[in-house]
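Given next are the chains, with one letter for each unit.
Number of protein chains: 6
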Amino acid sequence: MPYVTVKMLEGRTEEQKRALVEKVTDAVAETTGAPKEKIVVFIEEMSKNHYAIGGKRLSDES
Amino acid sequence: MPYVTVKMLEGRTEEQKRALVEKVTDAVAETTGAPKEKIVVFIEEMSKNHYAIGGKRLSDES
Amino acid sequence: MPYVTVKMLEGRTEEQKRALVEKVTDAVAETTGAPKEKIVVFIEEMSKNHYAIGGKRLSDES
Amino acid sequence: MPYVTVKMLEGRTEEQKRALVEKVTDAVAETTGAPKEKIVVFIEEMSKNHYAIGGKRLSDES
Amino acid sequence: MPYVTVKMLEGRTEEQKRALVEKVTDAVAETTGAPKEKIVVFIEEMSKNHYAIGGKRLSDES
Amino acid sequence: MPYVTVKMLEGRTEEQKRALVEKVTDAVAETTGAPKEKIVVFIEEMSKNHYAIGGKRLSDES
Chain A
1 MPYVTVKMLE
11 GRTEEQKRAL
21 VEKVTDAVAE
31 TTGAPKEKIV
41 VFIEEMSKNH
51 YAIGGKRLSD
61 ES
Chain B
1 MPYVTVKMLE
11 GRTEEQKRAL
21 VEKVTDAVAE
31 TTGAPKEKIV
41 VFIEEMSKNH
51 YAIGGKRLSD
61 ES
Chain C
1 MPYVTVKMLE
11 GRTEEQKRAL
21 VEKVTDAVAE
31 TTGAPKEKIV
41 VFIEEMSKNH
51 YAIGGKRLSD
61 ES
Chain D
1 MPYVTVKMLE
11 GRTEEQKRAL
21 VEKVTDAVAE
31 TTGAPKEKIV
41 VFIEEMSKNH
51 YAIGGKRLSD
61 ES
Chain E
1 MPYVTVKMLE
11 GRTEEQKRAL
21 VEKVTDAVAE
31 TTGAPKEKIV
41 VFIEEMSKNH
51 YAIGGKRLSD
61 ES
Chain F
1 MPYVTVKMLE
11 GRTEEQKRAL
21 VEKVTDAVAE
31 TTGAPKEKIV
41 VFIEEMSKNH
51 YAIGGKRLSD
61 ES
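Protein chains in written order, with full-length UniProt numbering: chain A, 1 to 62; chain B, 1 to 62; chain C, 1 to 62; chain D, 1 to 62; chain E, 1 to 62; chain F, 1 to 62.
Check the hints yourself; a few may be wrong.
Remember, identical chains collapse to one label, so a pair may be satisfied in a single copy or spanning two.
Stated by the list, open to error - BS3-like cross-link-like pairs, simulated, lysine-lysine; straight-line CA separation at most 25 Å:
1) 7 - 36
2) 56 - 23
3) 7 - 56
4) 48 - 38
5) 56 - 38
6) 36 - 56
7) 7 - 48
8) 48 - 36
9) 23 - 38
10) 7 - 38
I should point out that these hints are in silico values taken from the structure, not numbers from a laboratory.
Chain A extracted, bound-state conformation:
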């Protein structure tokens, strides 16, 4: 606790993901006072055909 979910398009490298969970955890610990070892981060990736803005999927954009 806290539990953080980061939902983003697929394609980031393992190195980016490794840095992402580290920095986000630091930010949450610093601002909420939660002990770092209790902070959980989940990454959820989505593909361009499952994500739409304004009624148009990213995979359908020209």
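Could you slot chains B, C, D, E and F onto chain A? The hints should help.
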């Protein structure tokens, strides 16, 4: 904003998904007054072995 | 099935929410072929102090 | 209704998942009074590189 | 880990919720082999005007 | 995009929440390369009677 998530069994065609996000976005814009370009739709697919009704997975039904 | 979640700022009227779930359900039935009576819609409301774009909460905007 | 989501690391067998949804459904029915046939269970699996505790992903642990 | 979310209509008593999380945790531990002390359960309640089946909210049913 | 959800116990001050969304947004921008103005953060609060570890709700701990 708003953010819409549609969770459904895998198997729909790309054409169905394309129409789904378009029509759902129209429905949300029309009824909430949100500008269409601010409406986000996520599709989440599940497989039959990860979905159960009444304690029985769809993949286990005979 | 399908299961639709609409996440939006609080403040819509009951009449708007009633229309929202009706029109969204129609849009999902029409485009996925799912029987209307099996489509579930959840509304989740958020407050302006729990929603941020670009690092700034809506409640903090001047 | 109710809707139960179980999020866990990938790797359980089909037999474990089959038992999981059955036993969880029984537990929910028994304690909430909901009719068993109305209880829905979703399984969501995550991989070790998308799950971090204390700022470190499980895939990065030595 | 695992993380279980139970989404249901508001109205259950504290005693029911207490029993719910206990029994669900037991069911998950027994079937997945996860140590009981690592299993997390979240309860999410919804109101009848935020939940619709077949395009009709429970609060609109006569 | 990305969309970040922070789920935590209720009780943080507005000042803590303001800092939380700011620092988390910075962390995501820095590590993923996403433009800051496209990063969305949602805060979800839970109460102690809706959150359990090891089958016991925080509200039931003595």
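Now for the hints, and whether the structure bears them out:
1. For the homomeric pair residue 7 and residue 36, the shortest alpha-carbon distances inside one copy (21 Å) and between copies (15 Å) are both at most 25 Å.
2. In this assembly of identical chains, the alpha carbons of residue 56 and residue 23 lie at most 25 Å apart only when taken from different copies (10 Å versus 32 Å within one copy).
3. In this assembly of identical chains, residue 7 and residue 56 lie within 25 Å of each other by CA distance both inside one copy and across copies; the values are 19 Å within and 18 Å between.
4. When the C-alpha separation of residue 48 and residue 38 is checked against a cutoff of 25 Å, the pair qualifies only between copies, where the shortest distance is 16 Å, while the shortest distance within a copy is 33 Å.
5. Taking CA atoms no more than 25 Å apart as the test, residue 56 paired with residue 38 passes between copies only; the shortest distance there is 11 Å, against 39 Å inside one copy.
6. When the C-alpha separation of residue 36 and residue 56 is checked against a cutoff of 25 Å, the pair qualifies only between copies, where the shortest distance is 10 Å, while the shortest distance within a copy is 39 Å.
7. For the homomeric pair residue 7 and residue 48, the shortest alpha-carbon distances inside one copy (13 Å) and between copies (16 Å) are both at most 25 Å.
8. When the C-alpha separation of residue 48 and residue 36 is checked against a cutoff of 25 Å, the pair qualifies only between copies, where the shortest distance is 19 Å, while the shortest distance within a copy is 33 Å.
9. Within a single copy, residue 23 and residue 38 get their C-alpha atoms as close as 15 Å, and across copies as close as 18 Å, so both meet the 25 Å cut-off.
10. Within a single copy, residue 7 and residue 38 get their C-alpha atoms as close as 20 Å, and across copies as close as 13 Å, so both meet the 25 Å cut-off.
Every hint, counting from the list given before, is met by this structure.
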